[in-house]
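Undergrad: These are the residues of each chain, in order.
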Amino acid sequence: MLAESAPVRFRDPQIEMAHGAGGRASRKLVEGLFAPLLFGGAFGPLGDAAHVDINGTKVAITTDGFVVKPLSFPGGSIGELAVNGTVNDLAVSGARAEALVVTYVLEAGLPTPVLEAEVRAMAKAARDAGVRIAAGDTKVVEHGKADQMYVTTTGIGRLLHEVTIDPRSVRVGDRILLSGPIGDHGITILLARGELDLEADLRSDTRSVFPLVETLIRAAGPGIRWMRDPTRGGAATSLNELARDCGLGMVLFEGQIPVRDAVRGACELLGLDPLHIANEGQFLAVVSPEYVDAAINALNLAPGGSEAQVIGEVREQPAGTVLVTTLYGGSRVVDMLVGDPLPRIC
Amino acid sequence: MRYVDEFREPQLISKTAEEIRRLAGTERNYRMMEVCGGHTHAIYRFGLKDILPENIELIHGPGCPVCVLPMGRIDDGLSIAQQSNVIFAAFGDMMRVPGTQGSPFEHKARGMDVRIVYSPSDALKLARLNPAKHVMFFAIGFETTAPSTALTIMRAKAEGIRNFSVFCNHVTIIPAIRAILDSPDMRLDAFIGPGHVSTVIGCRPYEWIAQNERKPIVVSGFEPLDMLQSVVMLLRQLKAGEAKVENQYKRVVPWEGNRAALRAMAEVFELRPYFEWRGLGFISQSALRFNDKYAEWDAEQRFEVPGIRVTDPKAAQCGEVLKGVLKPHQCKLFGRECTPEHPIGALMVSSEGSCAAYHNYEHRKAAMVSLSSVA
Amino acid sequence: MCLAIPGKIVEIASDNQDSAVVDVVGVRRKIDLGLLQDDKPVPGDWVLIHVGFAMSKISEQDAADQMNTLRMLGEMHGTLQEVKGYGLEEVN
Numbered sequence: 001m002l003a004e005s006a007p008v009r010f011r012d013p014q015i016e017m018a019h020g021a022g023g024r025a026s027r028k029l030v031e032g033l034f035a036p037l038l039f040g041g042a043f044g045p046l047g048d049a050a051h052v053d054i055n056g057t058k059v060a061i062t063t064d065g066f067v068v069k070p071l072s073f074p075g076g077s078i079g080e081l082a083v084n085g086t087v088n089d090l091a092v093s094g095a096r097a098e099a100l101v102v103t104y105v106l107e108a109g110l111p112t113p114v115l116e117a118e119v120r121a122m123a124k125a126a127r128d129a130g131v132r133i134a135a136g137d138t139k140v141v142e143h144g145k146a147d148q149m150y151v152t153t154t155g156i157g158r159l160l161h162e163v164t165i166d167p168r169s170v171r172v173g174d175r176i177l178l179s180g181p182i183g184d185h186g187i188t189i190l191l192a193r194g195e196l197d198l199e200a201d202l203r204s205d206t207r208s209v210f211p212l213v214e215t216l217i218r219a220a221g222p223g224i225r226w227m228r229d230p231t232r233g234g235a236a237t238s239l240n241e242l243a244r245d246c247g248l249g250m251v252l253f254e255g256q257i258p259v260r261d262a263v264r265g266a267c268e269l270l271g272l273d274p275l276h277i278a279n280e281g282q283f284l285a286v287v288s289p290e291y292v293d294a295a296i297n298a299l300n301l302a303p304g305g306s307e308a309q310v311i312g313e314v315r316e317q318p319a320g321t322v323l324v325t326t327l328y329g330g331s332r333v334v335d336m337l338v339g340d341p342l343p344r345i346c
Numbered sequence: 001m002r003y004v005d006e007f008r009e010p011q012l013i014s015k016t017a018e019e020i021r022r023l024a025g026t027e028r029n030y031r032m033m034e035v036c037g038g039h040t041h042a043i044y045r046f047g048l049k050d051i052l053p054e055n056i057e058l059i060h061g062p063g064c065p066v067c068v069l070p071m072g073r074i075d076d077g078l079s080i081a082q083q084s085n086v087i088f089a090a091f092g093d094m095m096r097v098p099g100t101q102g103s104p105f106e107h108k109a110r111g112m113d114v115r116i117v118y119s120p121s122d123a124l125k126l127a128r129l130n131p132a133k134h135v136m137f138f139a140i141g142f143e144t145t146a147p148s149t150a151l152t153i154m155r156a157k158a159e160g161i162r163n164f165s166v167f168c169n170h171v172t173i174i175p176a177i178r179a180i181l182d183s184p185d186m187r188l189d190a191f192i193g194p195g196h197v198s199t200v201i202g203c204r205p206y207e208w209i210a211q212n213e214r215k216p217i218v219v220s221g222f223e224p225l226d227m228l229q230s231v232v233m234l235l236r237q238l239k240a241g242e243a244k245v246e247n248q249y250k251r252v253v254p255w256e257g258n259r260a261a262l263r264a265m266a267e268v269f270e271l272r273p274y275f276e277w278r279g280l281g282f283i284s285q286s287a288l289r290f291n292d293k294y295a296e297w298d299a300e301q302r303f304e305v306p307g308i309r310v311t312d313p314k315a316a317q318c319g320e321v322l323k324g325v326l327k328p329h330q331c332k333l334f335g336r337e338c339t340p341e342h343p344i345g346a347l348m349v350s351s352e353g354s355c356a357a358y359h360n361y362e363h364r365k366a367a368m369v370s371l372s373s374v375a
Numbered sequence: 001m002c003l004a005i006p007g008k009i010v011e012i013a014s015d016n017q018d019s020a021v022v023d024v025v026g027v028r029r030k031i032d033l034g035l036l037q038d039d040k041p042v043p044g045d046w047v048l049i050h051v052g053f054a055m056s057k058i059s060e061q062d063a064a065d066q067m068n069t070l071r072m073l074g075e076m077h078g079t080l081q082e083v084k085g086y087g088l089e090e091v092n
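Protein chains in written order, with this note's numbering: chain A, 1 to 346; chain B, 1 to 375; chain C, 1 to 92.
Chain A on its own, in the form it takes in the complex (with noise of 0.2 Å):
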C-alpha cells in the first residue's frame, strides 16, 4: 500500500556538510524529511535495505551514493566501494546480492583513463562478488561539479530464509560482534587527501563482507537479532541507531574493540575517536548468547574472520546509549557526532 506524506519536521534552513556525514544532521534529515514524505506516517527503524514484496516474494532492494575525494586511495577506489557498499547493505539486512544497477554522474574534462579505471575496478569488484552488474546509466555534467565522478549504484538481492534482522528482537544479555579493525577506511582517506603531513601504512579495508555473514549466519542464524555495516559515521552511529530502535544500553569493553596501530596513532595524533571513523568492509551483530561461541568460532576460521571479537553486551542501562568501558572501571558515553569527525588542537 502506498502511504500518505505525513508532515515535515526537519527545521535547518540550508543543507551542509553535516548533513551527509552519517551522523545526527543525517539522521535528522532523513528522519524528518525524506521518511515523512517518502514513506508516509509511521515508519519503523530504518534499516540499511529494504523488503518488498513482489507477487509473494520478499526481494531486498537498497540503493547508496558514492562521493568520495580522492577517487583511489591505497586499498581501492569509488568503482569498488559502490559495489561493496551495496553488497554489504544487502548482506547485513539479510540478503544475497544478485544484480546491481550503476549511475555515473561524471565530470566534464574527466580524463577518459580514469574513467576506465573504475569501471575496469567495478567489473573486478562485481566478479569478486558474485554479483552481475545488470544495466546502467550515465549524465555527464559541467566542469566544477561532481568532483570528477559521482556513483551510484542499486542492487536487488535474494533473502536468506534462516534469518530474521529486526532491532526490535535485541534483548538483554545479548552479544554485540565486530568483524574486524575498524577506521581504516577513513583515516586512509584523510591520509589519502593529502591535506595532512601524515603518512602511514593504511589500505581501505573495502571488501563484500556478504561471505563472512553467509558463514555467521549459517553457524548462528536463529541468534541473529541485527546486523549492519558501520560505514560513514562509524560503529558509534550504527550502535546508538540500535540503541535507539531497540530502547536498550550498548556496552562496549574498550580492551576488545580492535583497532590497528596505525588508525590508533592518527586518531591520537587528530583527536579522533576511532567508533566514529567509517568503515567499508566490516560489519557489527548482535547475537544472543548461545549462539555466540559459535558464531565467533565460525568467523575467527573463515578467510578475513580472523579478528573478529565479541566487543560487549547489551543491558538494560544505561538505555539506548552506547557506553564503554575501560578495564579499570572507568566508562564513558559515546554519542554520535553531528557531522564529520572533526581533527581537534584542544
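If you are wondering where the hints come from, they were derived from the structure by calculation, not from laboratory data. Cβ coordinates follow ideal geometry from the N, Cα and C atoms, glycine included. Treat the hints with caution; some may be incorrect.
What the hints assert, rightly or not - With a Cα cut of at most 30 Å, we get these calculated DSSO-like pairs of lysine-lysine:
no. : chain 1 : residue 1 : chain 2 : residue 2
1   : B       : Lys133    : C       : Lys30
2   : B       : Lys125    : A       : Lys69
3   : A       : Lys28     : B       : Lys133
4   : C       : Lys57     : B       : Lys250
Said to hold, decoys possible - Per the computed footprint, the stretches of chain B lying under chain C, defined by three or more beta-carbons under 8 Å from a beta-carbon of chain C, are:
no. : region
5   : 9-19
6   : 142-152
7   : 188-198
8   : 283-296
Given chain A's structure and the hints, the job is docking chains B and C onto it.
TA: Chains B and C alone, transformed into the frame defined by chain A:
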C-alpha cells in the same frame, strides 16, 4: 603507544585510585579545579569520575580557548573572510562554533572558502600555494599554541609572504586563574594545573597561587595515571596543610619552561591592555596581539573589522558554567535550546567544553540505575 | 586545551634543520623543531607534538621514575601496614 600506554595501565590505575580513596577518607569534601580543557576532556574520555571517591569533586575551569571566545570575535574573523579572494583557515575545533550569522562551516556552505588546518604552518603553506588569494588564519589557543603561531609569522616575514595574515585570539592562562580566584562564588581547595601550557611557561607562574592564595597546584599530564597521581599529590598537600607548586608532568614540563618558545612569543606579540572573555568579562593583560614589527601580518590591522560586541542570550549561563559555579545540566538551556546540533554557546561545541563533554559523555550515565554493573 | 602526543624522531630533513619526521606507532608526521632550537633533538629522541610543532623533549628517566613511584604507591602502603603492626612509631 610509548609514553601513552604505560600511563593507561589498568592495574596501576586501580591501585592509584585505591590510594586516592585511602587519602581522601570520608570526613570532608575536596573541590579541585582542572583549569585546562584538555584535562576536562581526559576526565570524561577515561571515565575518571567513576573511579574517584564521591567526596572529590572536579570543577571544570575556563581553560578552553574556544569556549572563552566571544561570539563577536568569530563574527569579526568571518567578516574579513567575506571578501572573495580570502581563504579562512582555522583548526577543526572552530568549524562549528556559532557566530551570529552562523558557524564557519555554515559560511562555507554558503560559498565562503573555509579550510581546516592542523598547524599554523599549514595556513602559511596555503598562502604559498595560492598567491592570488589572501589566507587569513584564525588563531586560537593559550600559551601552548601561541609560540607556533609566532614562529609561523616570523617565517612569513622572513620569506616575504604578504598574502597571509593572522586574526589573533591567543589568550593567557594566569589571568583566567586569577579571575576564578577573585570570583566571589568560588570555593576551591586546589588546582590541577595545565600540563601543556606549562611546557612553554614552566611552573614558576603558578607560585602566587600557592604562596598568596594558599592553594596547592600540581601541574599535571593528561593520561589517566597522570591525573590520578596529581590528585594523590594534591590530597597529600591538603592533608599536610601545605600549599606549593608541584610538577607531576616532569617527563615533559621543564620547571623553567621553554625559552625558545617564550622568545618567539616575545618577538612577535605584545599584551593587549584588555580582552573580553566570554563568561568572564573584560580581563586586563590577558590576551596577545601582534606588535608593530609584525603589523603587516595582523589581520585586524590589514582589514576593517566590525568589532561589534555580541552579548550572549540572557538565558545562556555560559559564564557560570565556565567558572565552575554551575554544572552544565544546571543551565536552563542545556539539552533543550542548546544542544550539539544547535549550540548556543561554545561550551556545547568545543570538544573540551564542559557542556559538550557532559552532553556527549555523561548525562545519560547519570540516568543509569546503577553503575556497579558496568565494570 | 592542548592535544599533544609523544612521537619518536626518525629523521631530520637534510635541507632544513627545523623539519623532522616523527613516528607514532607507524604513523609518520612531518613536524617543526623550531621551538626546540635551544635543545635540538636527534633521531631516536622522543618529543611532544602539538599543532605540528615539537614542544618539549620527553625524558625517559623522568617517565621511568614516575612509573616507579606509581608502582610503589600500593606497596608503600602495604609496607606501612606491616610496619605499624610492629608497634613502632608512626611513619608518614
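Undergrad: Output the numbers, in ascending order, of every earlier hint that fails for this structure.
TA: As far as the earlier hints go, 3, 8 are violated by this structure, in ascending order.
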